[in-house]
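J.: Here the structure of chain H is known, so what remains is to put chain A in place on it, guided by the hints.
Sequence order for the protein chains is H and A.
When we follow the working numbering, the leftmost residue of the first sequence carries the number 38, and every step to the right adds one.
When we follow the working numbering, the leftmost residue of the second sequence carries the number 38, and every step to the right adds one.
Any given hint might turn out to be false.
You can't tell identical chains apart in this list, so a pair holds if it fits in one copy or across any two.
[Unchecked claim] No farther apart than 25 Å at their CA atoms in a straight line, the calculated lysine to aspartate or glutamate pairs in the DMTMM-like style are these: (1) K503 / E443; (2) K458 / E443; (3) K382 / E93; (4) K481 / E393; (5) K40 / D224; (6) K260 / D224; (7) K392 / E301; (8) K392 / E488; (9) K481 / E540; (10) K346 / E301; (11) K117 / D342; (12) K346 / D146; (13) K43 / E301.
Hints are computed from structural coordinates only; laboratory data are not their basis.
There are 2 protein chains.
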Amino acid sequence: MNKEVKIFDSFLRDGAQARNVSFSIEDKIKILMALDNLGVAYVEAGNPGSNSKDKEFFERVINLKLKNTKLAAFGSTRRKEVDVEEDENVQQLLSAGTNTIVIFGKSWDFHVTDVIQTSLDENVAMIQDTVRFFKNKGKEVIYDAEHFFDGYKSNKGYALRTLQAAKDGGADCLVLCDTNGGSFPDDIYDVTKLVFDKFQIEIGIHCHNDTGMAEANSLMAVKAGATHVQGTFIGIGERCGNANLATIIANLQLKKNYRCIPKEQMAHLTETARYVAEITNMRLNPGAPYVGTNAFAHKGGMHIDGVAKASNSFEHISPELVGNHRTFLMSEVAGKNAILKMLKKIDPSITKTSKEAKELINILKEMEHDGYQFEAAETSFEMLVRKHLGKYKPFFKVLYYRIIEEDPESSKELSASAMIKIRVDGQEEMTASEGNGPVNALDKALRKAIEVFYPNLKEMKLIDYKVRVIDSGASASKVRVLIESTDMKANWTTVGVSTNIIEASMLALMDSIEYKLLKDEEEAGNC
Amino acid sequence: MNKEVKIFDSFLRDGAQARNVSFSIEDKIKILMALDNLGVAYVEAGNPGSNSKDKEFFERVINLKLKNTKLAAFGSTRRKEVDVEEDENVQQLLSAGTNTIVIFGKSWDFHVTDVIQTSLDENVAMIQDTVRFFKNKGKEVIYDAEHFFDGYKSNKGYALRTLQAAKDGGADCLVLCDTNGGSFPDDIYDVTKLVFDKFQIEIGIHCHNDTGMAEANSLMAVKAGATHVQGTFIGIGERCGNANLATIIANLQLKKNYRCIPKEQMAHLTETARYVAEITNMRLNPGAPYVGTNAFAHKGGMHIDGVAKASNSFEHISPELVGNHRTFLMSEVAGKNAILKMLKKIDPSITKTSKEAKELINILKEMEHDGYQFEAAETSFEMLVRKHLGKYKPFFKVLYYRIIEEDPESSKELSASAMIKIRVDGQEEMTASEGNGPVNALDKALRKAIEVFYPNLKEMKLIDYKVRVIDSGASASKVRVLIESTDMKANWTTVGVSTNIIEASMLALMDSIEYKLLKDEEEAGNC
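With the rest of the complex left out, here is chain H (with noise of 0.2 Å):
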């Protein structure tokens, strides 16, 4: 039986402060749910008495039946000469409601002294006493020691006795921060070791890459006996991010023998740190160790040819173990249980060796290679699906569209129009609207022209338009527009690609107009 690292994900807190991140409720939750499907051990939120956003995410999680996961609440100490049954932080930390509370306090004598100003003495005590009031709560309490590797180097004998300070409080484990992630790997080593020799309880290692270290001075920590490992799932955090523990849980399960997670999930990890970087609206680094769009990519003469040869040659773990794939090969099978999951559920007679299961996944490959990802739009996937088996009837067809945009400062607001045609059964319909750019003005007349035939879409709107730049095989660059629609029963996503944003858009936009539509028609006739 290999050791247990237990993983801890700040996706939602320490990652949320990451720049131009923000989360939605709905958001939060489907990365908790993510995290929860890949077997984290731990997912750290923020404090619901910080803001109201924070406090109404802990209101409906908190009864979520979560598989693998404990939800944990984050954190300070009592503020200083403050009771801590009277601190008002303190107290909003306890109504989350969670079972494990993260406290974090300061290691660093100089934190101590000129940022929150008091006597190292009482910070000591803010520590205990916190420490010790959710301990008699019931509550699991991890304890976060910021700026300890600084603090260990300006002042050792004081920063181990904020530690012994949270031991006597009764904290289950002592997790040692390099918050500023200036700390070298060696250096870790040595510190961490020191600490797990010391205290002998659970140790814990919370790094951030101002050094680009985090993940090796995490491993390093490891090493040294620390079984709790804090970061954030692809790596986002304030400046340079915090430890990606994609990169982690990939190096200490396949390499170093340890357990993070069920075993069966670790073929899930490119998926989920897709689908995390999707929601977050943040471009995943094609070259991410492990999961990146490139990580088993081949270029090079040689290496294609090593690799034809030998796959260990040029690469140093298979990609399927990660749920990765080698992208050279086109003949190599991208996403195969996914098409077949898909397939099964429109047509369950069809297997695995059929004829549509081989085509699709050559469709899969070709749009992959266009700049498609269908992992956070599995609608999308799913009308590819039925056109190619025919279970779908055209609910519209779109006979053209004409744009006009003018420039910005001669006509204000409204700077661009749109007309459209379509037919529906026969009939035509023509229209236009005005919008706040092209997108959006084709958007209103495509809807208009639709409502007139299928007054329902009227309860569909759009929650989301997410575009981004994509680098695909091929010479132009492209841009991919995801859009999130809602009819408040249900939300579901669909993706375009096109060098033309404009079309890109419009792909997108009927996936997710065809969907509605079509959930519709089969809830009518399951009635």
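T.: Below, chain A without anything else, positioned relative to chain H:
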């Protein structure tokens, strides 16, 4: 005096193996010059025999006077069972004319027998013959031991024997390569130390990032005695990339007391990273250590508060050391020197304390916040300064434009048409053009109208057009457009940012045209 570590940059060789990277000869020369300016010890390019573009590159640069950098050509050992003098590849490598030659050979027994399919003895002879051939020609020879760490694991004795062959052939440096990128810092340290102690010549390290350890591995090798570090400047390379030299230089020089580049160049690290990223049309990872736009961006309220009290409370180094800057402080002087330099170019009477200097700093800050970056678009910055100083008379005014976009299916090739009306000296000109997409149509129409008044504009053509979606501080997603233009006498690059891709393109296009007209007028005036 600090110990020197030679930085060896393979941007133009291993970096060119990255997916979607394709350098023109102009791009390569720009990157070489940028790395020379920074003070990198070596820049490696390919083999002039491998393709005609590499051949032309060496012909063009071989007589360039480089200040700091040695140019190296890269090739393999002789083929099996061929006399080294008669090996075509070896002869082509010699024809590059560089004083430094990099030879790579096999250290992994499995690669010898299964990939190149020869005997272990013949491989050793191939290495020694080839190194000796170039030494006899008076070259500096760097020997890259491909797959050294995997080879060492598989057959320690044989891996060391291949190094001995290179040393016996006269190699100046033995470079240990983690070609598959699967190694970890502790193993790298142990093996490098053993090699260093045994061979007593210069040892180099060449790491890939497949486990996220490339920079940590490089540092541990230096700790073990390596004094030559290979990588690519912003980490580009096949699969997960090469060791990121920007990170390694900063770590070694600022934190480990080694000398990698001239001390005074350290403050140009960030600028160089952004410049080479733009030339490569790659997005520089915003979270890249030291040089990323987010590397010193503070978002958390407590962090901002802490940094305001003492910058080292949440920063591991001062951003100024690497030419980067802290982001939340709006009073922070971004690019002050660059602004002053440009101001002095246009109006030498202006000083650091002038009102204009302060105003422009504020304007620049606002524009950067809006998503502008001028590192690779100095021309747009110059136009901005000229306009602000009143040193600019408009050549033309766009009165309005309209673009009509039809759905690509019904309109086939040229789906967009643009009409435009401009005014020059009280005279109006209206015209229209078709194009392959809205931007292309607008570009054609704009030039057509302006050329009526300024026929010299016909000399100018657009040679590159790059778009990327950026996350600015604002909520809507924006695009940044970079346009490179030439009139065969000079090349210049301009930038435009907007939520609307058409407007962003138009801004960059107008800057580019105005610059051409201004340049021609000034040249005429000087005659």
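J.: Does each hint fit the structure? Answer for all of them.
T.: Right, here's what the structure says about each hint:
no.: 1; hint: K503 / E443; verdict: both (23 Å within a copy, 23 Å between copies)
no.: 2; hint: K458 / E443; verdict: both (21 Å within a copy, 12 Å between copies)
no.: 3; hint: K382 / E93; verdict: neither (35 Å within a copy, 57 Å between copies)
no.: 4; hint: K481 / E393; verdict: neither (36 Å within a copy, 46 Å between copies)
no.: 5; hint: K40 / D224; verdict: both (24 Å within a copy, 21 Å between copies)
no.: 6; hint: K260 / D224; verdict: both (12 Å within a copy, 12 Å between copies)
no.: 7; hint: K392 / E301; verdict: neither (29 Å within a copy, 65 Å between copies)
no.: 8; hint: K392 / E488; verdict: neither (38 Å within a copy, 58 Å between copies)
no.: 9; hint: K481 / E540; verdict: both (15 Å within a copy, 21 Å between copies)
no.: 10; hint: K346 / E301; verdict: neither (29 Å within a copy, 48 Å between copies)
no.: 11; hint: K117 / D342; verdict: between (65 Å within a copy, 17 Å between copies)
no.: 12; hint: K346 / D146; verdict: between (58 Å within a copy, 15 Å between copies)
no.: 13; hint: K43 / E301; verdict: within (17 Å within a copy, 45 Å between copies)
Hint compliance for this structure: hints 3, 4, 7, 8 and 10 are not met, and every other hint is.
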